[in-house]
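Colleague: Residue numbers (numbering that gives the first Met the number 0), protein chains in the order written: chain A, 0 to 263; chain B, 0 to 293.
By construction, these hints were calculated from the structure, which means they are not laboratory data. Some hints could be false.
[To be verified] Taking beta-carbon pairs under 7 Å as the criterion, some of the chain A residues facing chain B (in silico):
| id | residue |
| --- | --- |
| 1 | I77 |
| 2 | A79 |
| 3 | R222 |
[Claimed, not checked] Covered by chain B, according to a simulated footprint, are these stretches of chain A (three or more residues, beta-carbon under 8 Å):
| id | segment |
| --- | --- |
| 4 | 59-70 |
| 5 | 97-104 |
| 6 | 125-137 |
Here a beta-carbon is modelled for each residue, glycine too, at the ideal position from N, C-alpha and C.
Single-letter residue listing:
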Amino acid sequence: MATDVRTQAPATSAVAVSDLWAGYDGEPALEGVSFELPQGSLVGLAGPNGSGKSTLLKAVLGLVRPWRGRIELFGDRIDAVRQRVGYAPQAELVDWDFPATVGDVVMMGRYGRIGLLRRPRAADREAVGRALAQVGLESLAERQIGELSGGQQRRMLIARGLAQEADLLLLDEPMVGLDATTQHALLALFEALRGQGKTLLVATHDLSCVAACFDLALLLNRRLVAFGAPGEVFKPEILNEAFAEHLLLIPTEGGVFVGHHGHG
Amino acid sequence: MADVWAWFADPLEFEFMRRALLAVALVGIVSAVVGAFVVVRGMAFIGDALAHSSFAGVAAAFALGASIYLGAIVAAVATALGIAYISQRARLRFDTAIGVLFAGAFALGIVIVSRQDNYTVDLFSFMFGNVLGVSWNDLALMAAIGALVVGLIAVFYKELLFIAYDSTVATAAGIPTRPLEYGLLALIALSTVVALQAVGIVLVIAMLVTPAATAGLLVRRLHHVIFLGVAVALVSAVVGLYVSYHASVASGASIVLVATALFAVALLLAPRRGVVARWRVDRARRNDLAKALP
């Protein structure tokens with residue numbers, strides 16, 4: 000049984016998932032997952048490696064077809080609201096040697112709206128400029144993507160979603176490999192975007208980050224282990240269930256020390 | 000000075016040389032445009048496979064007395080779509096699907112040829128290229144296919160760019176990724192057919208990959224890679240053809256060697272990605288480090 004520790008149901012959901020089953024080659028990666036994300040929330044999607052975080056994001060995006068269950072975004076099917084949903088893949092999966100500038104990649108966020116057989120117009124270039132300014136990369140539009148730092152890479156991938164004018168942003172492991180200062184700057188950006196009414200669903204295995212800064216935590220281990228405010232989700236018995244062999248739990252004065260075995 | 004002029008002008012007195020120049024220029028343009036996508040997506044093996052598999056079509060058309068170009072087009076496009084279909088349906092690795100189909104198609108071509116009595120000259124010109132044998136009809140057909148290929152890439156450029164960079168995100172953003180990926184494979188197949196007679200099946204891959212790879216070392220946006228790749232291909236094609244005329248060597252191989260030489264120069268001297276530039280950066284870093292240490 001999933002432990003649902005939410006206090007109240009949201010009025011209009013950015014994401015509503017019910018009884019979602021999905022997987023690859025007959026192997027389930029998600030088993031009966033259900034949850035609703037209110038609009039304007041900053042949600043951490045946590046779980047050990049292989050817990051189905053990426054599969055969940057891909058199912059929400061319509062890239063993985065569910066075996067069973069329903070997914071609604073803003074009360075509609077993904078195909079009807081595709082332009083309102085932005086996606087930033089794991090930075091390690093992106094080809095940073097590709098011949099493109101930061102501006103080129105962010106402009107790709109406009110392509111779906113522009114449509115086939117049409118060229119970008121002034122309004123599209125303005126949207127790219129605004130997106131770059133929002134993430135603080137306006138001076139790097141002409142920079143080759145291979146020359147970006149880790150933090151700049153994540154910002155560029157988020158800016159592409161912003162150029163798309165997405166209201167829901169799905170970010171896959173944006174914190175991996177960043178130093179603490181860069182992580183904090185990225186979290187400040189997340190909070191600023193939430194302030195504009197955007198909904199962010201952020202996959203991460205950094206629990207301390209979710210605990211400190213996110214509105215909601217979604218703990219996944221194929222099944223939905225727990226969902227709610229981080230303070231209520233991150234309890235030893237719940238974390239033990241999610242991370243079984245992956246996590247180190249050390250009770251300390253007034254709390255629990257959370258750490259990974261190995262490099263998680 | 001007069002000698003240099005004569006070196007360029009004399010061969011042009013022959014109509015077969017004028018036709019050959021047009022043919023290699025055409026091949027250079029089409030191959031470099033398509034080749035930019037082949038290089039950034041790491042599909043060199045596919046280009047080679049499609050060229051080889053077109054041999055089955057060439058041999059079948061030859062045996063049946065049909066148009067050799069038509070045979071090559073059918074075989075190459077069918078192989079391209081077969082590769083895409085098998086790798087998606089059977090969940091095979093892409094290079095495995097390519098290896099199976101390309102070897103099978105090439106073997107089919109050899110079987111057909113081995114049943115023929117009088118094949119050697121014409122078919123050898125397809126294996127190793129014989130640009131001097133290109134007729135005006137061949138040239139018109141090459142130009143028509145080439146215009147179709149370059150035109151379709153221009154029309155769908157922004158989608159092809161997005162898919163080449165990240166097809167998963169492109170799909171999520173509502174780009175019709177699958178039809179465009181099939182389409183790109185078909186265009187690669189057509190461009191190998193354009194290059195067949197000029198450089199030969201064995202060397203088509205060099206026209207696809209080498210100019211675009213050279214440009215990729217020097218510029219940093221995909222459309223710049225395409226334009227500079229076309230320039231590199233044109234220089235290679237024209238210089239290579241002249242060298243082959245004056246030195247009496249095979250034209251396709253001569254063109255490919257000029258392109259290879261240009262690539263080697265770029266690899267050595269490219270401003271940031273070249274061997275020399277990287278060596279200098281490394282040396283500067285080592286020196287800074289040495290100074291910083293007591």
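Colleague: Is the coverage entry for the segment 59-70 of chain A by chain B consistent with the three-residue Cβ rule at 8 Å?
Modeller: Satisfied; 3 residues make the cut.
Colleague: With a C-beta cutoff of 8 Å, work out whether three or more residues of the segment 125-137 of chain A approach chain B closely enough for the coverage to hold.
Modeller: Three-residue rule not met by the segment 125-137 of chain A, so violated; n is 0.
Colleague: Taking a Cβ-to-Cβ distance below 8 Å as contact, does the segment 97-104 of chain A have at least three residues touching chain B?
Modeller: holds (count 6)
Colleague: Can the hint on I77(A) be confirmed by a CB-to-CB distance to chain B that is less than 7 Å?
Modeller: violated, 9 Å
Colleague: Under 7 Å, Cβ to Cβ, is where R222(A) needs to be relative to chain B, so tell me if that hint holds or is violated.
Modeller: violated, 25 Å
Colleague: Would the stated hint for A79(A) survive a check requiring a Cβ distance to chain B of less than 7 Å?
Modeller: At 11 Å from the nearest chain B Cβ, A79(A) fails the 7 Å test, so the hint is violated.
When held up to the earlier numbered hints, the structure conflicts with 1, 2, 3 and 6 and fits the remainder.
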